[in-house]
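Engineer: Protein sequences, first through last, are from chains A and B.
Residues 1 to 240 in the numbering used here are what the first sequence lists, from first letter to last.
Residues 1 to 225 in the numbering used here are what the second sequence lists, from first letter to last.
Read the hints as simulated data drawn from the structure, not as lab findings.
All values reported here derive from a predicted model rather than from experimental measurement.
Glycine is no exception: its CB is placed at the ideal position from the N, C-alpha and C atoms.
The reader is advised that the hints may include incorrect statements.
FRET-style restraints, in silico, Cβ to Cβ [claimed, not checked]:
| # | chain 1 | residue 1 | chain 2 | residue 2 | range |
| --- | --- | --- | --- | --- | --- |
| 1 | A | L132 | B | E150 | 24 to 32 Å |
| 2 | B | H101 | A | A72 | 42 to 50 Å |
| 3 | A | T49 | B | A44 | 25 to 33 Å |
| 4 | B | T138 | A | G64 | 36 to 44 Å |
| 5 | A | R210 | B | H101 | 37 to 45 Å |
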Amino acid sequence: MLPCALLQGVYLAPMDTRDGFDLTTGRGLMACPRCDALHVEEELDAGETLRCVRCGGLLAKPRGGAFVQLIALSFTTVVLMMGAIFFPFLEISRMGFGNATSLFGVALAFADGVLLPLVLAVMVMIVGLPVLRAFLLVYTLAPLAQGRAPYRHAARAFRWTELLRPWSMAEIFVIGTAVALVKVAGLATVHLGPAFWAFCALILVNLASRGFMCQTTIWDAIEDAGLPTDGREAVGGPVP
Amino acid sequence: MTAGADEAPLAPVMTAHRAGLLGCRSCGRVWPQDHAICDRCGAALVPPDRRGLQYVWAWWLAGLVMYVPANLFPMMRTQTFAGLQGSSEATILEGVVELMHYGNYDIAIIVFVASVIVPMAKFLSIAWLAMVAGRPATVEQAHTRLKIYEVVEFIGRWSMIDVFVVAILSALVQLGFVASIHPGPAAVSFALSVAFTMLSAQSFDPRLIWRGLPLRSRTDDQGKD
Ligand SMILES: [Zn+2]
Ligand SMILES: [Zn+2]
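The following block holds chain A by itself, in its conformation from the complex (with noise of 0.2 Å):
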């Protein structure tokens, strides 16, 4: 696998020229996002951890085989959310009615109502941002998987998995559903269809995929396969 920067703090003098990095031009170094402390980049060993020397966060966890993993879990992220989307997710009777329906059918209903908004904004954050970032994921990772050069946008696209990740709410719907059967429970029988099922392994899934996600060892991929970043070269680059 990829090699990742181990991270070593820095607690020199200002103009310490050691070997492998420049505090003049930043190269070779890491801030840390929590607390900006300056970290020298060195190869880390899959499986070790490493943590901020100042705050203590974390700062690189490399995994062996991740980025397979990672893509896998994307590909079934897809999968159970289609699931999701089109089998019955709720399932109610009440005095001989009766029915079941899909997310896919409520949207539909709801679609030329003045809730619109509301549901739209819900299906957004539910299904579509958990499926856009495994997009995202797999369009940066499929080519550093095989050892070729990231496509056009790559780190961009990275930036804004990251970026969308609190808005991706598929775990607190599913307790919002938990709440909704509770509140419920009184006025009717409420049964869970498959679709709910299918958000649960939604949260395993994105559990399993967080532990194998290392946003160091990602960007440092995508800079070691020579990422041509939006059209701007790196300027006196610590492109190695």
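Position chain B with the ligands relative to chain A; hints supplied.
Structural biologist: Then chain B with the ligands, alone, in the frame of chain A:
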């Protein structure tokens, strides 16, 4: 993080800012200070100073403004034609009371924590973090502040639970349910309030927490650890 604190070196740590460099908050790459955009990931490079706090305060205020109607107006209207409850409107708090009334204490606690405690704690924490940001602090205080920031960042999105509950309940109407449940105006303003406070927390630069630390003076980490 105690693990990090234990391993903390005796000598003061060099920061990108102190070295006259600019670290990318998105990917960690370090650039000279005249760089505006990270060449590796394309993110805008921002120096860790208090100017960035105006975004935090703007989103914070927008979130607070939206939080007021979220509590005053009903989250949803329930009408049961043959049911026991008749027609009712419930605000966030009334919804919690109703859950407790039917004996669902555990669910009531989840909703109360997610919709009342978490948003309140978030407003207070972000305001406090923004106020003390960049002010002198000890290493222990900085670790506490970072911990609070991480908790706020992690937990904020969970407030969306109540919005999803309302969305699911309204969707049940589409299932031929013999009752009608409609989202109230509070559902939208609460969703916006959560989104705005998430943006506020994301705008906060945790590097500011550490800016106040006297790195190389006589009272630096050396004395403390
Ligand atoms: Zn750090
Ligand atoms: Zn960057």
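Engineer: So, for every hint listed, does it hold in this structure?
Structural biologist: Evaluated hints:
| no. | hint | result |
| --- | --- | --- |
| 1 | A:L132 / B:E150: 24 to 32 Å | holds, 25 Å |
| 2 | B:H101 / A:A72: 42 to 50 Å | holds, 47 Å |
| 3 | A:T49 / B:A44: 25 to 33 Å | holds, 29 Å |
| 4 | B:T138 / A:G64: 36 to 44 Å | holds, 40 Å |
| 5 | A:R210 / B:H101: 37 to 45 Å | holds, 39 Å |
Consistency note: the structure conflicts with none of the earlier hints.
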